[in-house]
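Residues 18 to 109 in this note's numbering are what the sequence shown lists, from first letter to last.
Think of the hints as simulated: they come from the structure by calculation, not from any bench. As the structure is a prediction and not an experimental result, all values here were calculated from the model. Among these hints, one or two may not hold up.
[To be verified] With a cut-off of at most 20 Å between alpha-carbon atoms, the simulated SDA-like pairs for lysine to any residue come out as follows:
1) K25 - D66
2) K108 - K92
3) K37 - S64
4) K51 - L27
5) K92 - K107
6) K92 - A72
7) K76 - L106
8) K92 - L69
9) K25 - R71
10) K76 - C90
11) K76 - L42
12) K37 - D66
13) K92 - K51
14) K76 - V26
15) K76 - Q53
16) K76 - M109
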Amino acid sequence: MSQIDLEKVLAGMFVGPGVKAVNDLRLIPCGGGKLQITATITVAEPSVDLDLVRAVIAKVLVDQFGIEQVVLCFKDPGPAAPPPTGPPLKKM
């Protein structure tokens, strides 16, 4: 099994649409020289399509790093920010 740079793997995971943070990243060796990766993903807003994020990240990991088994947990980003209630503030 060749060495995999976790910093590059982490950077590759941010190509997923709407990915805000990646935490608890773990690379786990499996039988037959295969690798599994687990991570917790925080998305930018509740409307982000989690299935699309999962598919894009899985494709990047298999294509660029040969990691075929991907286990992602998603963290709720909280409610969307409310729209502004007044005009923008002016600099003084």
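Comparing the hints with the structure gives:
1. K25 - D66: Roughly 24 Å between the alpha carbons, so the hint for K25 and D66 is violated.
2. K108 - K92: violated (36 Å)
3. K37 - S64: holds (13 Å)
4. K51 - L27: holds (18 Å)
5. K92 - K107: Judged against 20 Å, a Cα distance of about 36 Å means the pair is violated.
6. K92 - A72: Roughly 17 Å between the alpha carbons, so the hint for K92 and A72 holds.
7. K76 - L106: violated (43 Å)
8. K92 - L69: Holds, at about 15 Å.
9. K25 - R71: holds (18 Å)
10. K76 - C90: Since the Cα atoms of K76 and C90 sit roughly 17 Å apart, the hinted pair holds (cutoff 20 Å).
11. K76 - L42: OK: K76 and L42 at ~17 Å, within 20 Å.
12. K37 - D66: holds (13 Å)
13. K92 - K51: Violated - the C-alpha atoms of K51 and K92 are around 27 Å apart, more than 20 Å.
14. K76 - V26: holds (12 Å)
15. K76 - Q53: holds (14 Å)
16. K76 - M109: Given that 20 Å is the threshold and the Cα spacing comes to 49 Å, the pair is violated.
Consistency note: the structure conflicts with the earlier hints numbered 1, 2, 5, 7, 13 and 16.
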